[in-house]
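Q: Residues per chain, in single letters:
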Amino acid sequence: MTKKPISFMLNDAEIGIFVGEGAPLIDELRRNAGDLTPKQGCNQGTCGACTVLIDGVPHLSCITLAETVDGKRIDTTGGLAGGPNLHALQDAFIQGFAAQCGFCTSGMLMAAKALLDANPNPSRDQVIEAISGNLCRCTGYEPIVDAILAAAARLQGRAV
Amino acid sequence: MSSIEFRKDLFADERDDNLKEIGKPTIRQDILGHVTGRTPYYDDHLFDGLLHMRAVRSPHHHAQIRSIDTSVAEQMPGVRRVATAKDVPHNLNTLLSLINFGRDDEPLCAHDKVRYMGETVAWVIADTERQARDACAKVRVDYNVLPHVLDVEEALTPNAPVVNEIYPNNTFDYHEKYDHQKLRFGDVNAAFARADHVIEAEYQMSPIEQAPIETCGAIAAPEINDRFVCYTNTQALFFSLGTTAKLLNVASSRLHFIGGTAGGGFGGKVDSIVEPTAVLGAMLTGRPVKFAWDRYEEMQVGAPRGGERWRLKDGVMSDGTVIAREFTGFFDSGAYMRLSPYAIIKGTGHLPGPYSIPNVASNVYCCITNRTPATAMRGFGITAVDFAIECQMDKVAEAVGMNPVELRILNAYRDGDMKAHRRKAKNTALIECCQVAAAKADWAISRQAAQQSSLTPMPERQNIPETVTDTEGLIGERRQGRVASTSPSTQSNGRVPAGTHREAIGGAPVQNPDMQIDADRIGHKMGSSPTQIPAAATKAAAPTAPPAAPSVPAAAPPVAPVAPPPAATVPTPPQPAAPYSPSAPFSRGTKRPGSSPFTSGFRRR
Amino acid sequence: MVAVDTYPTMAEAAGALAEGSRYLGGGTIVMRAVNYGDQSFDRIVRAAQVDRGVGSDAGGIRIGAATTMADILSAPDLVFLHPVARSIGGPAIRNMATVGGNLFAENPYGDMAVALLALDAQVVMTSGQSQPIESFLADRDHARGIVGAVIVPRVDQHAFRFRKVSRVKPKGVSVMSIAANLRHGDPRVAFGNMAPVPTRARGAERALAQGVNDSSITAACAACTEGLQPADDALASAWYRAEVAPVHLKRLLLNEGAV
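Protein chains in written order, with our numbering: chain E, 1 to 160; chain X, 1 to 605; chain Y, 1 to 259.
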């Protein structure tokens, strides 16, 4: 089996790994680069648990061919906190009871981060749209939407 | 966040309001791990040299397996092992055998025939998941396709194919006697005859997949000291441990199970299939092995909440009082039993819903079909019949021209009411719920309905009526074409006097002496409670004088036994001095008499 | 096992396609098949330089095959396609899924192809060959080469309508999708998920040729399932689809209510 060398930025760290041919990005991130924060839910691009940001925009790592991220920047939930300080989204999720089993949480956070990076002051409908590709089977959508809005407000407050 | 309103004005004297946690916000203890992505799910444990195990699955609902050819698959790149039924040391189990319920009826891997689409017929263990998939595609299985049955009522007909030979009548055998779970209380047929309205309807609920975002999976690996570690997302860690010990014929002390974290479950992660499979893979290869379902498998072979069909027949007076309710229910258990027979017992205990109805009869069938086996899901055993009951209440309200909320308040249980399974209702609150819900929804109810209280007793509801009984539906009769209807019989052949508290029925015989309940071990007394009746005293129904008093089953003379239940077979516990000689092949289990092979170490006293 | 071969251009990749290989666009179809062990191919062919972008062309607006749904949403020239692109997946899918790939998306996917069918788009292969989308879709399982672009004739924005019927809100896959170009004299009505590939409802088109009015709407709804072959799936039965197709078409024609 041929392995291909690729390098990319993973949450501010330079990573160089050999990836398997045909391997999806999530497998290489988790088993090879050691970032276990993206979760594998469906492996078919349906559930959103594996959402990561590639060059700042959300992608589904389970249906991204690993070798295509050579030279790119990948952000995952693993890099969301700044050292001991949680990101405003993480804090809002904790305060707002926005995680139950926690399996969709990583993907939700990355979808939400992409939204707030592009649109710091989203409407409720825009938040709902932003996480419309992320499934939560514990059906905790309302607290998640509330938490994202709360995080947006807090980030805005800080910026102003 | 949605606000919670506490109605502390209701039942104020029944409750201590000096509470530290309830009613106050609290942070989940596991949420920091969730938001940082650090919560360790089973698949977050990395192993060097991890192998991947995949199942070869039946494309047929029902087929005989003529032969399995794994020779090509074994030669595929990366393949370490191809396994079939013969690699499973004790390839027959039923999930609830660990609590001594039901017969072993399900193999971990099919060998003689497949009974549902997607059933496992072989496994491949390979270096990568893709290699395992490619090799699975090369396993050749020669099937002789058999006729199948997919509908619960068709399964009960004389011509339906036998799905599972362990239960040749396509039903679970209740109490070793009937092909259904019976409930009889009062005389429904007499009540129907005098009712102003008789309202019949059929309700059905399709199977529902729990669909957790994290599919069922486990990683097993050899550990030091001849043990195996298993990381799993099971919702039932000790069931999974015990089931693995049994299927693989290994002492549970050699299994180190680590669970407690599941990416959703909702009842879909109790069936203990991925754990024994992964451990088997680790045993066969001596390597860490991951066995996980993909999304298609989760949907196709992951046991759903089973489909159910219910027929309800109500006898109602024109003032809205429901005087009789009859149920005919069918659970689709799929090809194997798993938890459905138990769900029916639980569901039957729930009938006729939260309403005081003096005449109730029900027949509930646990039907075996060529569909995916069913298992637990939220509100297991209750949800579909509650849906049916509440739809039926609306139909009744319509028939008598009554406000549906008032109809519910009129018929709702109150404290002290006698339920159909002969226990007193306690802590009832439906009346208050209806009143509050009506107010919140701006739904007008009469002053009289608004003044009712669950605490106001209704003495006429507190007695056990004379009960008409029947013996229709003995095991096997229906499939011989000797029972015309699935509904509760209209041909009674016995009467149990009013006030008879309950009829004692012996439990199913213990399959294995090791499973004999040890009184010292379970921590409560046996034989003195109404449900645990010594064999000698269980020949017949034991009436007790005042219905309110606890039943004393001991020496009361048998009164007109309708059909004496089979003597409860409670085998004598193994004598400590006797040499231990298991009949079942748990040879490496804990070998002390009286101890379970599924638990490790010393017995706690 | 799966091999991956990357070529400098789409044209070269097209030349390298053979039995047992698949061209990888956005990945939403092909990577899913790879992950699930699809045995019909064991080689992925991809191109380093892809045709991604929206521009003017003699025949209308040219959309490169590698243009994503998110790209469409940021293209002012394609404002009439924004509701279609927005109806597809969540943001992550829209950042990946391409117009070229959508032409091959099997039921219940492929909503963009339905819209393009109603718009009489032309499908241009990397070889330069071009054909109407209708014949392309009908024979897509035997398509040779790689789609390079689609060309969408300019359209009166108000004449174009699109509706996706889902069971899950705000986002779910299609029970069916309907697109219509209600131009005078020669209207187009196309259904997705009502046949193996997106298909024109010729009965409805005939009825609407005289213009959109109460009587033509009634006639169009009555004739809309002509030539369609809806199927049973986990979302809906064929019977249900045939029963509700006229209802949804009528709502689309009357521009009624949100979906």
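Think of the hints as simulated: they come from the structure by calculation, not from any bench.
These numbers come from a predicted model, not from an experiment.
Cβ coordinates follow ideal geometry from the N, Cα and C atoms, glycine included.
Just to be clear, a hint being listed does not mean it is correct.
Claimed, not checked - Away from chain Y, derived, C-beta distances all over 12 Å, residues of chain E:
| hint | residue |
| --- | --- |
| 1 | 14 |
| 2 | 15 |
| 3 | 73 |
| 4 | 82 |
| 5 | 83 |
| 6 | 95 |
| 7 | 138 |
| 8 | 140 |
| 9 | 157 |
As the list claims (entries may be wrong) - For each label pair, taking beta carbons as the anchor points, the in silico distance ranges come out as:
| hint | chain 1 | residue 1 | chain 2 | residue 2 | range |
| --- | --- | --- | --- | --- | --- |
| 10 | Y | 170 | X | 491 | 37 to 47 Å |
| 11 | X | 59 | Y | 143 | 25 to 35 Å |
| 12 | Y | 168 | X | 387 | 19 to 29 Å |
| 13 | X | 346 | Y | 158 | 55 to 65 Å |
Q: Does each hint hold? Answer for all of them.
A: Status of each hint after checking the structure:
The Cβ of residue 14 (chain E) sits about 23 Å from the closest Cβ of chain Y, beyond the 12 Å cut-off, so the non-interface label holds. Non-interface status of residue 15 (chain E) relative to chain Y is upheld: no Cβ of that chain comes within 12 Å, the nearest being about 20 Å off. In this structure residue 73 (chain E) is separated from chain Y by more than 12 Å, as the shortest Cβ-Cβ distance comes to about 14 Å. The non-interface label for residue 82 (chain E) is consistent with chain Y: the shortest C-beta to C-beta separation is roughly 24 Å, beyond 12 Å.
For residue 83 (chain E), the requirement that its beta carbon stay farther than 12 Å from each beta carbon of chain Y is met, with the minimum near 27 Å. With 12 Å as the threshold on Cβ separation, the claim that residue 95 (chain E) sits away from chain Y holds: the shortest Cβ distance comes to roughly 25 Å. In this structure residue 138 (chain E) is separated from chain Y by more than 12 Å, as the shortest Cβ-Cβ distance comes to about 16 Å. At roughly 16 Å, the least C-beta separation between residue 140 (chain E) and chain Y is larger than 12 Å, which holds for a residue marked as non-interface.
Even its closest Cβ contact with chain Y, about 25 Å, leaves residue 157 (chain E) beyond 12 Å, as expected for a residue assigned away from the interface. Between residue 170 (chain Y) and residue 491 (chain X), the C-beta spacing of about 56 Å breaks the proposed range 37 to 47 Å. Separation of residue 59 (chain X) from residue 143 (chain Y) is about 29 Å and conforms to the stated range, judged on CB atoms against 25 to 35 Å. Taking 19 to 29 Å as the suggested C-beta distance range, the pair residue 168 (chain Y) and residue 387 (chain X) conforms, at roughly 21 Å.
The given range of 55 to 65 Å is respected by residue 346 (chain X) and residue 158 (chain Y), whose C-beta atoms sit roughly 60 Å from each other.
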